[in-house]
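*Asks:* Following the hints, put chain B in place on chain A, whose structure we already have.
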Amino acid sequence: MSTDQPSETAGFDPTGPLTPSGNLRRRLAVSRLIRGLATLSAVIAVIALGLVVYVVIARGAPALSLDFLIKDPPPSGPGGGIRSAIIGTALIVAVGAVLATPLGVLTAIYLVEFARPNSLSGRALRMALDLMQGLPSVVIGLFVFGLLVKPEKADSGFAGSVALAIIMLPLIARSSQEVLMLVPRTLRDAADALGVNRWRAILTVILPTALSGILTGTILAVARAAGETAPLLIVDGIFTNQLTFQMFGHAVPNIPVSIFTAAEAADPTGFTRAWGEALVLLAGILIANIGARLFLARQRARMGL
Amino acid sequence: MSTRTTPSSRGAARALRSVLPSSERSVGDAVLRGLCVLAGVIAGLILIDVAYQVINGARPAISRFGLGFLGHVEWAPNFGRFGAAVMLYGTAVTSVIALVIATPLAIAIALYLSMLAPRSVRVIVGPLVEMLAAIPSVILGFWGIIILAPFMQAHIEPALHDVLGFTGLFGAPQTTGLSVFTAGVILTVMVVPIIASLSRDLFLTVPRELTEGAEALGATRWEVIRGVVLPTTFSGVSAAVMLGLGRALGEAIAVASLIGAGNVIHKNLFQTGNTAAARIALEITYPVSNLQTASLFYLALILLVIGIVTNLIARAISSRFDVHRSTV
Numbered sequence: 053m054s055t056d057q058p059s060e061t062a063g064f065d066p067t068g069p070l071t072p073s074g075n076l077r078r079r080l081a082v083s084r085l086i087r088g089l090a091t092l093s094a095v096i097a098v099i100a101l102g103l104v105v106y107v108v109i110a111r112g113a114p115a116l117s118l119d120f121l122i123k124d125p126p127p128s129g130p131g132g133g134i135r136s137a138i139i140g141t142a143l144i145v146a147v148g149a150v151l152a153t154p155l156g157v158l159t160a161i162y163l164v165e166f167a168r169p170n171s172l173s174g175r176a177l178r179m180a181l182d183l184m185q186g187l188p189s190v191v192i193g194l195f196v197f198g199l200l201v202k203p204e205k206a207d208s209g210f211a212g213s214v215a216l217a218i219i220m221l222p223l224i225a226r227s228s229q230e231v232l233m234l235v236p237r238t239l240r241d242a243a244d245a246l247g248v249n250r251w252r253a254i255l256t257v258i259l260p261t262a263l264s265g266i267l268t269g270t271i272l273a274v275a276r277a278a279g280e281t282a283p284l285l286i287v288d289g290i291f292t293n294q295l296t297f298q299m300f301g302h303a304v305p306n307i308p309v310s311i312f313t314a315a316e317a318a319d320p321t322g323f324t325r326a327w328g329e330a331l332v333l334l335a336g337i338l339i340a341n342i343g344a345r346l347f348l349a350r351q352r353a354r355m356g357l
Numbered sequence: 036m037s038t039r040t041t042p043s044s045r046g047a048a049r050a051l052r053s054v055l056p057s058s059e060r061s062v063g064d065a066v067l068r069g070l071c072v073l074a075g076v077i078a079g080l081i082l083i084d085v086a087y088q089v090i091n092g093a094r095p096a097i098s099r100f101g102l103g104f105l106g107h108v109e110w111a112p113n114f115g116r117f118g119a120a121v122m123l124y125g126t127a128v129t130s131v132i133a134l135v136i137a138t139p140l141a142i143a144i145a146l147y148l149s150m151l152a153p154r155s156v157r158v159i160v161g162p163l164v165e166m167l168a169a170i171p172s173v174i175l176g177f178w179g180i181i182i183l184a185p186f187m188q189a190h191i192e193p194a195l196h197d198v199l200g201f202t203g204l205f206g207a208p209q210t211t212g213l214s215v216f217t218a219g220v221i222l223t224v225m226v227v228p229i230i231a232s233l234s235r236d237l238f239l240t241v242p243r244e245l246t247e248g249a250e251a252l253g254a255t256r257w258e259v260i261r262g263v264v265l266p267t268t269f270s271g272v273s274a275a276v277m278l279g280l281g282r283a284l285g286e287a288i289a290v291a292s293l294i295g296a297g298n299v300i301h302k303n304l305f306q307t308g309n310t311a312a313a314r315i316a317l318e319i320t321y322p323v324s325n326l327q328t329a330s331l332f333y334l335a336l337i338l339l340v341i342g343i344v345t346n347l348i349a350r351a352i353s354s355r356f357d358v359h360r361s362t363v
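As given, the protein sequences belong to chains A and B, one line each in that order.
Here our numbering runs 52 ahead of the position in the first sequence, where the first position is 1.
Here our numbering runs 35 ahead of the position in the second sequence, where the first position is 1.
Next comes chain A alone, as it looks inside the complex (with noise of 0.2 Å):
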């Protein structure tokens, strides 16, 4: 590229072919080699989310069938569909979405709009959240089974649901931030110089403004907390798997745990069904990520970003 060109200007002889030779030669054949090493480590990146997504579709496409989808299994044995765990992930899912999307813009509102740059507030909750956010799962479903689970003696779905949220809880607040000081100044001062009430300034301005990027970090956060196994084996692993509604007092069946057990067990034959879960969860997170990033992107385009 433009890199090559300049150096060679360097022999004197004018006349001469323009090629490196001698140090000059030496040194594109590394720099050549190790951009070679570099677009290898991309393809090799690529070529593992291919193999995995290639393996899940293969063996799951044969369990798959609208059967799977919209019956239940039966008490025990393979067979049957998943309707019961994709509605109690849905669910689990859904309610952990509810906690957490609330608490998480309001601390990006707070951050954003309230503390002060570098006020001890501020930087105590940014720290807060950070810690938040490298918490292990399994840390985080010990602490909600130490909450929730043990003074009841009971896994419950709604034990899982507060896993969920505060796995989400950082990220929504994370990005939620991002989009709001990206917020142009200039709207605020607007809202300032008619008199508008600060309130009133970040809820009929600045929020409408920032909604379509909080969402897309909702939804990112949402596909990430869709697939936590841990904390939901450790608060809401044993369940029966038959459909239920009831989020207190009683486990609630979902997919990553069935994907779990199905993997450690020693019998394969609950294998098909295992997959079949696997291409479900995984179509469902990737469509999520994909969609968020599309509109995303369609977003930024249209703001001029």
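Rather than coming from a laboratory, the hints here were simulated on the basis of the structure.
One should not assume that every hint holds.
Said to hold, decoys possible - To be clear about the criterion: a stretch of chain A counts as covered by chain B if any three or more of its residues have a C-beta under 8 Å from a C-beta of chain B, and this derived list gives those stretches:
#1 282 to 292
#2 330 to 340
Claimed, not checked - Pairwise CB distance ranges (calculated):
#3 B/273 x A/89: 31 to 39 Å
#4 A/203 x B/70: 26 to 34 Å
#5 A/82 x B/323: 55 to 63 Å
Just so you know, even glycine gets a beta-carbon here, dropped at the ideal spot from N, CA and C.
*Replies:* Just chain B now, kept in the frame of chain A:
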């Protein structure tokens, strides 16, 4: 002009505040502000309560075993004897394997995505690498059991054994491929996208004047990277690696699937082992005694402390140097 907006708008706001009738201003503002503060306080309280619950749950084990828990090898629930040494060793070794493989790989990917790839490739490969982080660990674990472990056992482990067997680390492959090494490899898959995407963002913040200046002096692409890009972003990349380490230390499910739940410390990486997070995930549901539950909480406490320390180190490294973040 633009540099003056901040102070003047703040002044305007202050002026407004003195002009507006206080009741009209204060109610809505106070409510919203109160809600926001409440949300922040709840977030902080959750974190504190996490620490409290974990310590509280671990208390019986702490009073029984004390710090000796860390060095004790045996984990025998039926005999009430618990020690964390096997898990600490397994956690450390799997994380080290993951970081040793992932760090160069991820930095190379980040360099490719930020400096080397054409734009049309970038916009496709970049999201694909991030997509790797979106795959649930349970699916990676399942994939690992069925595909990766047999492959490691049949191909990678014998090859490494032939070349590096003399070190003692790469001994004879076992029958299943479920091993500390395989667990480290699956952790690599999870850590690479984290380090790669953070590093890529860092590489993109390197001022153009610097890279173009080096190019104008006749540096090759690699010399620009080695001489300008990597030194300017060194601390940020280190912080990214620390965050990747945090992820590797705490991952439970994929590791639980692939590490083989061993109870002995082996020097041979192709033998089974266990990590703290994996043991917690596997045993918390059906403990044989309260002491076992408490010991699992003790393991979680150790994880919590290590996790917080790595996180704080990452913050300290990046806040010292990361110009980009501090100006935002």
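*Asks:* If a hint holds in the structure, say so; if it doesn't, say that too.
*Replies:* Hint check results:
1. 282 to 292: holds (count 5)
2. 330 to 340: With 5 residues closer than 8 Å to chain B, the stretch 330 to 340 of chain A meets the three-residue bar; holds.
3. B/273 x A/89: 31 to 39 Å: 21 Å, violated
4. A/203 x B/70: 26 to 34 Å: Once the Cβ atoms are compared, 29 Å apart, the range 26 to 34 Å for residue 70 of chain B and residue 203 of chain A holds.
5. A/82 x B/323: 55 to 63 Å: Holds, since residue 82 of chain A and residue 323 of chain B (Cβ atoms, about 60 Å apart) stay within the stated range.
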